[in-house]
Amino acid sequence: MAILEVRDMCKSFGKTEVLKGVGFTMERGEVISILGSSGSGKTTLLRCINFLERADKGQVIVDGKVIFDGSDTAKKSPSEIRKAQLNFGMVFQQFNLFPQYNVLENVVLAPKLLAKERPDFKKHKKEILAEIETNARDVIDKVGLTEKLMNYPCELSGGQQQRVSIARALALNPKILFFDEPTSALDPELTGEILRVIRALADKKITMVIVTHEIGFARNVSDRIIFMDKGVVAEEGSPEEVIDNPKNERTREFLKLIEQK
Amino acid sequence: MDALQQLFIGFGMNCLLFVLTLVMALPLGLIITFGTMTKLKPLKWVMKTFVWIIRGTPLMLQLFIVLYAPGILWHHPVSNRMGAALVAFVINYAAYFSEIFRGGIESIPKGQYEAGQVLGLTKTQVFFKIVLFQVIKRITPPMGNEVITLVKDTALARVISVAEILQNAYRYASKGIIWPLFASGLYFLAFTGVLSILLSFVEKKLDYYKG
Ligand SMILES: Nc1ncnc2c1ncn2[C@@H]1O[C@H](COP(=O)(O)OP(=O)(O)O)[C@@H](O)[C@H]1O
Ligand SMILES: [Mg+2]
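Here the protein sequences line up with chains G and R, keeping their order. The letter at position 237 of the first sequence is residue 236 when you use numbering that gives the first Met the number 0, and the numbering goes up by one with no holes. The letter at position 5 of the second sequence is residue 4 when you use numbering that gives the first Met the number 0, and the numbering goes up by one with no holes.
None of these hints come from the bench; they were simulated from the model. On a predicted model such as this, the values are computed, not experimentally measured, just so you know. Worth double-checking, as some hints may not be accurate.
Straight line, CA to CA, 20 Å or less: simulated DMTMM-like cross-link-like pairs of lysine to aspartate or glutamate [to be verified]:
{"#": "1", "chain 1": "G", "residue 1": "K260", "chain 2": "G", "residue 2": "D186"}
{"#": "2", "chain 1": "R", "residue 1": "K204", "chain 2": "G", "residue 2": "E132"}
{"#": "3", "chain 1": "G", "residue 1": "K174", "chain 2": "G", "residue 2": "E239"}
{"#": "4", "chain 1": "G", "residue 1": "K174", "chain 2": "R", "residue 2": "E105"}
{"#": "5", "chain 1": "G", "residue 1": "K111", "chain 2": "R", "residue 2": "E113"}
{"#": "6", "chain 1": "G", "residue 1": "K82", "chain 2": "G", "residue 2": "D119"}
{"#": "7", "chain 1": "R", "residue 1": "K38", "chain 2": "G", "residue 2": "E52"}
{"#": "8", "chain 1": "R", "residue 1": "K136", "chain 2": "G", "residue 2": "E154"}
{"#": "9", "chain 1": "G", "residue 1": "K204", "chain 2": "G", "residue 2": "E26"}
{"#": "10", "chain 1": "G", "residue 1": "K229", "chain 2": "G", "residue 2": "E79"}
{"#": "11", "chain 1": "R", "residue 1": "K209", "chain 2": "R", "residue 2": "E105"}
{"#": "12", "chain 1": "R", "residue 1": "K122", "chain 2": "G", "residue 2": "E79"}
{"#": "13", "chain 1": "G", "residue 1": "K122", "chain 2": "G", "residue 2": "E132"}
{"#": "14", "chain 1": "R", "residue 1": "K109", "chain 2": "G", "residue 2": "E52"}
{"#": "15", "chain 1": "G", "residue 1": "K75", "chain 2": "R", "residue 2": "E113"}
{"#": "16", "chain 1": "R", "residue 1": "K128", "chain 2": "G", "residue 2": "E240"}
{"#": "17", "chain 1": "R", "residue 1": "K43", "chain 2": "R", "residue 2": "E98"}
{"#": "18", "chain 1": "R", "residue 1": "K128", "chain 2": "G", "residue 2": "E132"}
{"#": "19", "chain 1": "R", "residue 1": "K40", "chain 2": "R", "residue 2": "E105"}
{"#": "20", "chain 1": "R", "residue 1": "K122", "chain 2": "G", "residue 2": "E116"}
{"#": "21", "chain 1": "R", "residue 1": "K203", "chain 2": "R", "residue 2": "E145"}
{"#": "22", "chain 1": "R", "residue 1": "K209", "chain 2": "G", "residue 2": "E154"}
{"#": "23", "chain 1": "R", "residue 1": "K203", "chain 2": "G", "residue 2": "E154"}
{"#": "24", "chain 1": "G", "residue 1": "K255", "chain 2": "G", "residue 2": "E239"}
{"#": "25", "chain 1": "G", "residue 1": "K82", "chain 2": "G", "residue 2": "E52"}
{"#": "26", "chain 1": "G", "residue 1": "K260", "chain 2": "G", "residue 2": "E154"}
{"#": "27", "chain 1": "G", "residue 1": "K64", "chain 2": "G", "residue 2": "E4"}
{"#": "28", "chain 1": "R", "residue 1": "K136", "chain 2": "G", "residue 2": "E104"}
{"#": "29", "chain 1": "G", "residue 1": "K56", "chain 2": "G", "residue 2": "D7"}
{"#": "30", "chain 1": "R", "residue 1": "K204", "chain 2": "G", "residue 2": "E154"}
{"#": "31", "chain 1": "G", "residue 1": "K14", "chain 2": "G", "residue 2": "E52"}
{"#": "32", "chain 1": "R", "residue 1": "K209", "chain 2": "G", "residue 2": "E239"}
{"#": "33", "chain 1": "G", "residue 1": "K82", "chain 2": "R", "residue 2": "E113"}
{"#": "34", "chain 1": "G", "residue 1": "K203", "chain 2": "G", "residue 2": "D222"}
{"#": "35", "chain 1": "G", "residue 1": "K14", "chain 2": "G", "residue 2": "D55"}
{"#": "36", "chain 1": "G", "residue 1": "K121", "chain 2": "G", "residue 2": "E132"}
{"#": "37", "chain 1": "R", "residue 1": "K47", "chain 2": "R", "residue 2": "E98"}
{"#": "38", "chain 1": "R", "residue 1": "K122", "chain 2": "G", "residue 2": "E239"}
{"#": "39", "chain 1": "R", "residue 1": "K128", "chain 2": "G", "residue 2": "E116"}
Chain G on its own, in the form it takes in the complex (with noise of 0.2 Å):
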């Protein structure tokens, strides 16, 4: 069964139609890439997907659940959106960590809150607290950061606060993670950096979706590529059949402009 559906999303800014019916499905363990210019709809699409817009139409399916559903009239308590995010990771482009924590606090902040609502908290408290860093000692050392685990994120360059935030997003353990252009905002001797702890989750079979501009990486780390063009997928495949053979002129056109600069 697929870990993640994505049926139809449409959504609108005013009157300017971003989204005009996206669809995907993927496997578990599988990375998908989404591709398109500037404007096409990517960020706007995985923030649907991740409840930080509300979609007017679609639907999101995670493991045959329905966790989202445009046609409801009834609204999602936040309760329920909240528990239905928790199936997403999200590694912004601008990092976004919280400046007053350091790493370790902010790899363990959402666990310790969300370890709270658990029934056998107040019980196990000690267990669970030390539980809680274990793991984000493990994911921090994932990124290659445990000597930085004091350091706050006004210390790190963004390379380094990238990583911190996909630790974040991993120490959740969530079932997809999703990027929306993790390495934009870094300078290009620190895209490498980020892309290889990518390369290292896809290895470890983590299942991502990564909306990027490196069409180099994106061929080499992912399963499937989409191509997205004006709110609509244009064309997806394997990186082989969108990237080397393009059959849909606007991914052609793409290409050929990434490949000019």
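Assemble chain R with the ligands onto chain G, guided by the hints.
Okay, now just chain R with the ligands, sitting in the frame of chain G:
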């Protein structure tokens, strides 16, 4: 009673007015902030207009109005002058504080809220665990300025005859004795000096991170 002692008692009034205004105007200011930031358009405009009027007119005028309006308009003369001064100060400072709070809250990037949201935090958790501290750090310098201004503004209570320090010092000056005026200046300097030291200590404490 000797002059120094009188000045001291007078300054007690200033300190009382200062402390009470601060204690009441801070929470009231936060409530006004939420009012000016609400999605309920009518409430929002009422609050914004209120803040505009309070900030756009002299505190001295507000003192007169609080003291005289109840008597003249509703035949309930105000006998407690200190109470009237306190009401005017609390309203005035709450309006100023609310603008500082609003600026602080609005300066926090949307990404902070969204990062909290995708990590499964509730709105309350996002405010108290992520946003609030950053707001406090950002508003400490402007709040510090406002608090120091408040210390000096308490002398304005004299215009509705609250027996504060300048009221006393002025009585001596009118008899040809000048030094109590300078002495009152020293009281204010000492108070604002201590406050400045406290404030810069707090700012240093909050300066462990940038941003
Ligand atoms: N909150 C918003 N309000 C109005 N328009 C928006 C908003 N968010 C995105 N848009 C518009 O939607 C279009 C697609 O934006 P986006 O999803 O960010 O594209 P991409 O990530 O592919 O560059 C753009 O034209 C953008 O101006
Ligand atoms: Mg985008």
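- Task: Of all the hints given earlier, name the ones this structure violates by number, lowest first.
- Result: The structure conflicts with hints 2, 3, 4, 10, 16, 26, 32 and 38, although it agrees with all the remaining ones.
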